[in-house]
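Number of protein chains: 2
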Amino acid sequence: MTDTNHKNHYTENVQDHLKEVESLLHKHALVEEVVHKQELPRQDRHALLDTLLHKQHLAELQRKLEGLHPADIAYILEALPIEQRLLVWDLVKSERDGEILIEVSDAVRESLIATMNREELRAAAEQLDTDEIADLAPDLPQNVMRDLFKSLPVEEREQLRAAMSYPEDSVGALMDFNMVHIREDVTLEVVSRYLRRFDELPDHTDQVFVVDRDDHFKGVLPINLMVVNEPHMVVGELMLTDTIQLHPDDKAEQAAQSFERYDLVSAPVIDEEGKLVGRVTVNVVLDFIRTESESDLLNQAGLREEEDIFASVWKSVQNRWAWLALNLVTAFIASRVISIFEGSIEKLVALAALMPIIAGIGGNSGNQTITMIVRALALGQINAGNARKLFAKEIGVSGLNGLIWGSAVGLFAFLIYHSISLSLVMTLAMILNLLVAASLGVLIPLTLHKLGRDPAAGSSVMITAATDSGGFFIFLGLATIFLT
Amino acid sequence: MTDTNHKNHYTENVQDHLKEVESLLHKHALVEEVVHKQELPRQDRHALLDTLLHKQHLAELQRKLEGLHPADIAYILEALPIEQRLLVWDLVKSERDGEILIEVSDAVRESLIATMNREELRAAAEQLDTDEIADLAPDLPQNVMRDLFKSLPVEEREQLRAAMSYPEDSVGALMDFNMVHIREDVTLEVVSRYLRRFDELPDHTDQVFVVDRDDHFKGVLPINLMVVNEPHMVVGELMLTDTIQLHPDDKAEQAAQSFERYDLVSAPVIDEEGKLVGRVTVNVVLDFIRTESESDLLNQAGLREEEDIFASVWKSVQNRWAWLALNLVTAFIASRVISIFEGSIEKLVALAALMPIIAGIGGNSGNQTITMIVRALALGQINAGNARKLFAKEIGVSGLNGLIWGSAVGLFAFLIYHSISLSLVMTLAMILNLLVAASLGVLIPLTLHKLGRDPAAGSSVMITAATDSGGFFIFLGLATIFLT
Chain A
1 MTDTNHKNHY
11 TENVQDHLKE
21 VESLLHKHAL
31 VEEVVHKQEL
41 PRQDRHALLD
51 TLLHKQHLAE
61 LQRKLEGLHP
71 ADIAYILEAL
81 PIEQRLLVWD
91 LVKSERDGEI
101 LIEVSDAVRE
111 SLIATMNREE
121 LRAAAEQLDT
131 DEIADLAPDL
141 PQNVMRDLFK
151 SLPVEEREQL
161 RAAMSYPEDS
171 VGALMDFNMV
181 HIREDVTLEV
191 VSRYLRRFDE
201 LPDHTDQVFV
211 VDRDDHFKGV
221 LPINLMVVNE
231 PHMVVGELML
241 TDTIQLHPDD
251 KAEQAAQSFE
261 RYDLVSAPVI
271 DEEGKLVGRV
281 TVNVVLDFIR
291 TESESDLLNQ
301 AGLREEEDIF
311 ASVWKSVQNR
321 WAWLALNLVT
331 AFIASRVISI
341 FEGSIEKLVA
351 LAALMPIIAG
361 IGGNSGNQTI
371 TMIVRALALG
381 QINAGNARKL
391 FAKEIGVSGL
401 NGLIWGSAVG
411 LFAFLIYHSI
421 SLSLVMTLAM
431 ILNLLVAASL
441 GVLIPLTLHK
451 LGRDPAAGSS
461 VMITAATDSG
471 GFFIFLGLAT
481 IFLT
Chain B
1 MTDTNHKNHY
11 TENVQDHLKE
21 VESLLHKHAL
31 VEEVVHKQEL
41 PRQDRHALLD
51 TLLHKQHLAE
61 LQRKLEGLHP
71 ADIAYILEAL
81 PIEQRLLVWD
91 LVKSERDGEI
101 LIEVSDAVRE
111 SLIATMNREE
121 LRAAAEQLDT
131 DEIADLAPDL
141 PQNVMRDLFK
151 SLPVEEREQL
161 RAAMSYPEDS
171 VGALMDFNMV
181 HIREDVTLEV
191 VSRYLRRFDE
201 LPDHTDQVFV
211 VDRDDHFKGV
221 LPINLMVVNE
231 PHMVVGELML
241 TDTIQLHPDD
251 KAEQAAQSFE
261 RYDLVSAPVI
271 DEEGKLVGRV
281 TVNVVLDFIR
291 TESESDLLNQ
301 AGLREEEDIF
311 ASVWKSVQNR
321 WAWLALNLVT
331 AFIASRVISI
341 FEGSIEKLVA
351 LAALMPIIAG
361 IGGNSGNQTI
371 TMIVRALALG
381 QINAGNARKL
391 FAKEIGVSGL
401 NGLIWGSAVG
411 LFAFLIYHSI
421 SLSLVMTLAM
431 ILNLLVAASL
441 GVLIPLTLHK
451 LGRDPAAGSS
461 VMITAATDSG
471 GFFIFLGLAT
481 IFLT
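So the protein lines, in turn, are chains A and B.
Our numbering applies: residue 1 is where the first sequence begins, and numbers increase by one.
Our numbering applies: residue 1 is where the second sequence begins, and numbers increase by one.
To be clear, the hints were calculated from the coordinates, so they are not data collected in a lab.
Be careful, since some hints might not be right.
No copy labels: a pair is met if it fits in one copy or bridges any two.
[What the hints assert, rightly or not] Below, simulated DSS-like cross-link-like pairs (lysine-lysine); rule was C-alpha separation at most 30 Å, straight line:
no.: 1; residue 1: K64; residue 2: K347
no.: 2; residue 1: K275; residue 2: K218
no.: 3; residue 1: K150; residue 2: K19
no.: 4; residue 1: K218; residue 2: K64
no.: 5; residue 1: K347; residue 2: K251
no.: 6; residue 1: K55; residue 2: K347
no.: 7; residue 1: K218; residue 2: K315
no.: 8; residue 1: K450; residue 2: K218
no.: 9; residue 1: K389; residue 2: K315
no.: 10; residue 1: K19; residue 2: K389
no.: 11; residue 1: K251; residue 2: K275
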C-alpha cells in the first residue's frame, strides 16, 4: 500500500555506482596484496586477511550494493572482470539473486550460474514469475528445473510449461501472466472496489482485460478510461473491442512492430479458441528490440553471440572462430582464382597491385545494396510487384557508380602506369564488378527470404566472396585478353 | 468520453492492407493503360479516364485508406514506388496529413512534403502537438514555420521554441508537454474529480506529476497507486519522490537506458531550477532505440542516411558515394603498398595469389574486436581500470587465432606451392597481422571515444585500411626478406 512496495532505487547515472564499487574493490584488493607481499605462512596470512580493515571494505561494498536496483547490480556485474564479478555476486543478498539473473546478459548469466549450487538456484528461481523462470530455463541444470516444477502450484506449473513450449522468437516467449481480469456486466464502482483489494497492480497495467466466465476475451478497459468516467458506468459500455490482439504463435518481431506503430503499453495474447492466455508489455518489447538490434550488429561482425567482454581467451576464440573459418574458405577460393592468372601477373606485375581495388570496392558497394534490401525485407516492403523495380534501380545506381569510380581508378592507373589500355581495363572491370555486386546484392537476400531463411545472416559473406573472386576474375580475365 | 476518441483502427498484419492497396492501384493502372493504348486524341483520352470505372477504383481505395491507422498509411506509403505513393498521398484525407507525416521515415517525408504547398503544410502542422511540430520542423520550409509561430498561442509558441532548441540526441528532443499536474495537499477523491473533467488522459499517462504553485517538481503519483488506494488518502502521503528524473540536456541514449533498466512508461523532465518542463514516454524511447540501431546498421554499410527504397538513382548515388570514395582512397593506399614489392612478386608470383588471404582475415578479425569494444563503450563498461585487461585479452585471442588460422593458411600454401619457407612466411604474417588487428581494434575506438567522437563511426574503415595495407606490407615484406 505504500511506496516501499515499489522498486524505487532509481539512479540517473549507473556509471557513478560502477566507479564507487570499483574503488571499494580496489581498496579491498590493495589490502590483499599487502597481506600477500608479507610472504607469511598461509595460516597467518589468512588470519591477517580476516582483520577488521579487510572486512570493512567488504561490508561497505555490501551496504552499497543493497541500495541498488537489481538492474544496476546486473550492469555492474557485466562491467567487472570475472574474479571481481564473483566477489560482488557473493555479496549480493540471496533474496535478489533471481531478479539479477534475469537482468544480466546471457554470457554473464552463465558465469554466475556456474558458481551456484542446486539449492541456491532453486531458491533464486522461486522468487520469479513463471514467465521469468521460462526465460532462465535454458541456463538452468535439468535437476533444478525438476525441483522447480515439483514446488510450483498446479496453475503456475501449467503456465511454466506453456511459456517454455514457445520458440524464442514468438509472442509466446515474450508474454507474462500478470493480468487483471474483469467481467463486462459490472460498473466502474465495482471494478474500483475490486482493484483496491490488490496491494499493487502488476507492472505496466495500463488496461484491465474483460473476459467471460470461460476466459474468452471480450475487450479491454484502459485504466485511463476508468479514471475519467463516472463510477456508475458499466464496463461493457466503455470497453474497447477493436484493439490489437496477439497470438502466442505470432512472430515476436511482428508484435514489436505493432507496439511501435500503435504506441502500446500492453496487449492481450489470445489463443485459437479466443481465450485470454497472457499479455505482452512494452518493457519486454523494448528488451527484445534492443537484443535483436545488438545481435544484428554482432552477427554482421561474425560474433556468434553476445560476448562477455571479460570472457576467457578460449571462450572468445570459440565465439569467433566460425566466422574466420568461413572467411578463410572464401579467401582460399579467391586465391585460387588469382593463381589461374599467374602467367599474366608475371608478365604485367602492376595487375597484382591493382586487383585488390576492384575487389574491395565491389564488396563495399554490394554490402550497401544488401543492407538496403535486408532492411526493406524486414519491414515487409518488398514483394513480387516491386522487386523488379528495385532491381532496376540498384543496377542503375551501380552502373552510375561504376562509371564514376571506374573512371577514377582508370585515371589513377594511368597516372601511375602510363598505359591507356590498362586504365581502360580497370574502368571496365570496375563497372562489371559493381554490376555483379548490385545483381547479387538484390538476388541473395531475396532468395534467402524466399527459402524461408534469415536474409540478414550470411548475405554479407556471400556478397563479399562473390565480389572478391568475381572482381579478381573479371579484372585479371580482361587484362589477360587485352593486355598480355 | 467514448471509445471513438481512441485511435482504434488496429490491424494485426499491415502487409495485408498493403497488398489490398496495391491491387487497387494495379486495377487503376490497368484502366489507364487500356485508355492510353487506344491511341485516341488527348482530349478523348481524358474523357475516357473520367469514366465511372476509373473513378470507382480510386473511390474504393480512398474508402480503404480512411479505415486505416495513420501509422499503417505511413507504412504503405513507404512501401510504394514514388508515383503510386503520391497518388495514395493525394487520396488521404487532409485532416490526417500531419499525423502521417510524423509517422513516415525521413526520406519518404521529404518526398511527400515536396508535393505540398505552404497552406497545406501549415494546416497539416497545426493538427499536431508542439513536440511533434518540432520533430517536423527541419523538413518544413522557413515561411511555413513562420506562419506556424504566428498562429500558435503564446504558451505553445514557447514550448515549440524550447523543443526546437535541443540537439537531436538530447532528452529535450524526445520530450512532450502533455502532462497532468496535481498538488500534494489534496486527496485522491479530489484528484479523481479533477481527472474526470478530462475527455481522455494524454497517451501513456501511467502517472500524474505532483508540483507546487511554481511548477517545482515534488514527485509522481502512479495511476495504479491511485486505483488501489482509498479516496480519502492524501497525494503527499502516497506520491513517490525517489524516482528517476531526466534533464533536458541529458543524452537521449542515457534516458533510453534508464527506460530499459527500470521498465518505465513515462518519466518527468526537470530543468536546472527543479521545475517540471515536460515528460518522456516509452513509445518515443522505442522509436529512438529502433532508429538508433537502424542507423548503426546503415552506417556500418556506409549509407549516410536511411534511404527511401524507391529513391531516384541519383539520390541513392549521393547517399552512398562518400563511403565508396573513402574506401577507394584506402584501396589506393593498399595498392601503393603492394607496388613497393612488385620486384618480389615478379620473382615469386604465388605471393600475389596469397596476399589477399592475409589482408582479408586480418580485416575480419579486427572488425570482431572493434564491434565488441564499441558495444562495451556504448554501455559504459570500459574505463581506465579495465582497459588494459581487455587489451591483454584481445591480444591473447588474436595470438591464438593467429596460430590456428596461420597454421591453416601455411598448410594450404604448402599443399599448393610445396615450399616450407613460403608456408612459414604465411603463418608468421597471419599471426602478425592478427596482432595488428587486435591492437588497433582496441586502440582505435578507445582513442575516438577519448577524443569525444563516436567510436562506431569510422572505426571499421580505419581497421580495414590498416589490416589491408598492413597485411600486404607484413606478408610481402617478410617474403622479400626470406624468400627472394
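Hints and how they fare:
| no. | hint | in the structure |
| --- | --- | --- |
| 1 | K64 with K347 | neither (73 Å within a copy, 68 Å between copies) |
| 2 | K275 with K218 | within (9 Å within a copy, 43 Å between copies) |
| 3 | K150 with K19 | neither (42 Å within a copy, 50 Å between copies) |
| 4 | K218 with K64 | between (48 Å within a copy, 26 Å between copies) |
| 5 | K347 with K251 | neither (58 Å within a copy, 59 Å between copies) |
| 6 | K55 with K347 | neither (76 Å within a copy, 70 Å between copies) |
| 7 | K218 with K315 | neither (51 Å within a copy, 50 Å between copies) |
| 8 | K450 with K218 | neither (37 Å within a copy, 56 Å between copies) |
| 9 | K389 with K315 | between (46 Å within a copy, 16 Å between copies) |
| 10 | K19 with K389 | between (54 Å within a copy, 16 Å between copies) |
| 11 | K251 with K275 | within (19 Å within a copy, 43 Å between copies) |
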